[in-house]
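Engineer: The chain contents come next:
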Amino acid sequence: MIQNRTKDHAALAEDFIKDEKRVDWHDGALWWIRQKRDKVAKQIPEWEDLREAASLIKSNVLSNLHDYLLQFEANATKNGIKVHWAADAKEHNEIVYSILKAKEIKQMVKSKSMLTEECHLNEYLLERGIEVVNSDLGEYIQQLAKEPPSHIVLPCIHKRKEEIGELFHEHLGSEKGESDPTILTRTARKHLRDVFLTRRGALTGVNFAVAETGEFVVCTNEGNADMGAHLSDVHIASMGIEKLIPQKKHLGVFLRLLARSATGQPITIYSSHFKKPRQGQEMHIILVDHGRSRQLGRVDFRNSLKCIRCGACMNTCPVYRKSGGHSYHNTIAGPIGAILAPNLDMKKHADLPFASTLCGSCSNVCPVKIDIHDQLYKWRQVIVKEGYVAKTKTIGMKAMAWTLSSPDSYTAAGKVGRWVLKNTPFAVNNKLNPWYKQRDMPGAPKESFEEWYAKNDLKGKS
Amino acid sequence: MTIGLFIPCYINQLYPNAAIATLQLLQKLGVDIIYPPKQTCCGQPMANSGFEHLTQGCNDHFIENFSGVDYIVAPSASCVLHVKDHLHSDKNQEQANNIRGKVYELVEFLTDILKVEKLNARFPHKVGIHQGCHGLRGLNLAQMSELNAPPFSKFKHLLNMVQGLELIRLDREDECCGFGGAFCVAEEAVSVKMGKDRVADHERNGAEYITSSDLSCLMHMEGIMHRKKSPVKIVHIAEILNSSL
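First to last, the protein sequences are chains A and B. Here this note's numbering is used: the first residue of the first sequence is 1, the next is one more, and so on. Here this note's numbering is used: the first residue of the second sequence is 1001, the next is one more, and so on.
Hints in this document: simulated from the structure, not taken from any laboratory. Fair warning: there could be bad hints in the mix.
What the hints assert, rightly or not - Calculated Cβ distances over 12 Å to all of chain A for the following chain B residues:
| # | residue |
| --- | --- |
| 1 | 1039 |
| 2 | 1067 |
| 3 | 1068 |
| 4 | 1153 |
| 5 | 1166 |
| 6 | 1203 |
Claimed, not checked - Here are the computed lysine-lysine pairs in the DSSO-like style, where the Cα-Cα straight-line distance is at most 27 Å:
| # | chain 1 | residue 1 | chain 2 | residue 2 |
| --- | --- | --- | --- | --- |
| 7 | A | 249 | A | 276 |
| 8 | A | 190 | A | 159 |
| 9 | A | 446 | B | 1229 |
| 10 | A | 378 | B | 1102 |
| 11 | A | 398 | B | 1084 |
| 12 | A | 415 | B | 1102 |
| 13 | A | 378 | B | 1084 |
| 14 | A | 18 | B | 1228 |
Stated by the list, open to error - Here are a few chain A residues that sit away from chain B, every Cβ distance over 12 Å (derived from the structure):
| # | residue |
| --- | --- |
| 15 | 83 |
| 16 | 97 |
| 17 | 231 |
| 18 | 302 |
| 19 | 381 |
Backbone N, C-alpha and C fix where the C-beta goes; we use that ideal spot for every residue, glycine too.
The shape of chain A in the complex, shown without the other chains:
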């Protein structure tokens, strides 16, 4: 769905934070998931080895992507799956449309696929008279609310159950004021069951595709991918080209990491293997590049393609927890989104690598050990060099660099600064100073350490 793009991350975050109770609750919910993740990760003695193994397997995939893709294509084709190649979102959407059109399918059910969100597939199909229903409960709620997901694993984590009750009352006819999660889930299930039974076309995402066997694996907690795919005449699976793993034996490493990292579960409720179409069914797989090969060519950023979309970096990120997923104005929010998005559109997403304190927690929870916070730092350098920051900032930074590179100018500036703090606090304690808005300035000591040291020259005397 179309993202809000009139404000940058800082401004959107400020809007979100205005409702401080909601922020506290959002922060608490995600922190609770982070704690669940810690607990299960610490129950496995070999956890850190698993992360290392997963990271190395993905390094191998990225270095041999060409060969693995061709191997996958050959094996999937042998299994009876029709393989398509899409260079970008547009080609992907056209392929989906052409498959549905050939079968005269006007309604499709879709399980969780961040890639199709990235491609804005729902809007594209709607414009061509094809209706799509998102069957993942969180995404279903977001679709009713006409909002994009705010989190890749927990799409409506920013919504309270009362708000969901309102939406269901409006769209699904549940009792007004009903906010009991069990009752609301049953209401959604009733509607979705009907969708599953009547849709001839189903689209799923792909969590892992195995080059060796030509099969793919879809992980869900709700079984919605299976219900959609098994009841349909046509099953389309959309996958980014980086989702490959070399062999089936590698799957165990990733399945053990994925759900533990995502929600603190040992494994997703359903890990569904799709290898060939059932009799009479068509099965398609679309291999989508959409900027991925460009990212692969960026030496500093290629590791971002190891991502298995667990969302752990979002749950742990204090900035994400306090600012909400929509403040990132990108399909993938949070730290991982902030290193993926500039590759797609550097100008549009120039603010995102700066939406971080570089605390580094993201890199520590990442199950495939992506150096997320280092990449955020590196993106900042690239974005500045490419000229995507405000001119005023550049001038300010140049002045700062000049002041700090010379001891004399720095000493002079320091003196002036302390003098200003002490004698004319109104010069800094005002609305134009964002530090002062909700924080006091530090006190101004009468002398700097350097001045003190010159007077006291304590060397050897203490």
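Fit chain B to the given chain A structure using the hints.
Structural biologist: Here is chain B on its own, set in the frame of chain A:
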């Protein structure tokens, strides 16, 4: 063994007492310490804002100041990490690398190089440790809560030697305070919310003081606490370790 004392720019100007405590503490421990005059900045504020290419002046100046010493010690984990990770020189990268290898944050210098086992210090207060992210995840001053690895804490190792000091337990041991350099003004709303929550954790758990090896984090939290007239105060870890009996 000669130690070069590196006092980051904002500590020099705004928190001279932490710098004095660092100097006096190291002198008490019997090390030969010099303060190369005319220090400025490690260049981190520019680099973290994406302007690393403008930091050559700061880098050259830093290299010039500290080439002659055996170790460089600073009471700021964040600045030390920046030097360790990013100090470069167009003229002499070998010299820059040499400096990267001998720069230490105060706490790690005390535990790893001086191997301090006893301190004559007293600080009869309830203290919460704010583990600055750069010290924690960059310099490994303590175990990171995300990892499945044995716990340790260089902060606690030292603070446990201080008489009368009572460490409090926080609900979130290593949550970021939201300072983040330029982040604190560029993302003012998020930064302040993070800071408020970090402060609240200490208040809720009964801290009289918040200590850290990073004054930038403390400055941010101090600003928030001062504004809301919180009774909790900040103190740099050097000031606690340098306190007298």
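Engineer: Closest CB-CB distance from residue 231(A) to chain B, is it above 12 Å?
Structural biologist: 41 Å, holds
Engineer: Check the non-interface label on residue 1068(B): least C-beta distance to chain A beyond 12 Å or not.
Structural biologist: 15 Å, holds
Engineer: Is it true that the CA of residue 378(A) sits at most 27 Å from the CA of residue 1102(B)?
Structural biologist: 25 Å, holds
Engineer: With the threshold set at 27 Å, check whether the alpha-carbon distance from residue 415(A) to residue 1102(B) stays at or below it.
Structural biologist: 31 Å, violated
Engineer: For residue 381(A), which was marked as not at the interface, is the minimum beta-carbon distance to chain B over 12 Å?
Structural biologist: 5 Å, violated
Engineer: Are the Cα atoms of residue 190(A) and residue 159(A) separated by 27 Å or less?
Structural biologist: The given pair, whose Cα atoms are some 21 Å apart, holds under the 27 Å limit.
Engineer: Could you check that no beta carbon of chain A comes within 12 Å of the beta carbon of residue 1203(B)?
Structural biologist: Holds: least Cβ distance 15 Å, greater than 12 Å.
Engineer: Just to be careful, I want the Cα atoms of residue 249(A) and residue 276(A) compared with a cutoff of 27 Å; is the pair within it?
Structural biologist: Holds - the C-alpha atoms of residue 276(A) and residue 249(A) are around 19 Å apart, at most 27 Å.
Engineer: Hey, is residue 97(A) genuinely clear of chain B, shortest beta carbon separation above 12 Å?
Structural biologist: Consistent with the label, residue 97(A) stays out of reach of chain B, its closest Cβ about 40 Å off (over 12 Å).
Engineer: For residue 302(A), is the shortest CB-to-CB distance to chain B above 12 Å, so the non-interface label stands?
Structural biologist: 20 Å, holds
Engineer: Compute the least Cβ-Cβ separation between residue 83(A) and chain B, then decide whether it is above 12 Å.
Structural biologist: 38 Å, holds
Engineer: Say whether it holds or is violated: residue 1039(B) keeps its Cβ farther than 12 Å from all Cβ of chain A.
Structural biologist: At about 7 Å from chain A, residue 1039(B) fails to clear the 12 Å cut-off, so the statement is violated.
Hints 1, 12 and 19, counting from the list given before, are not met by this structure.
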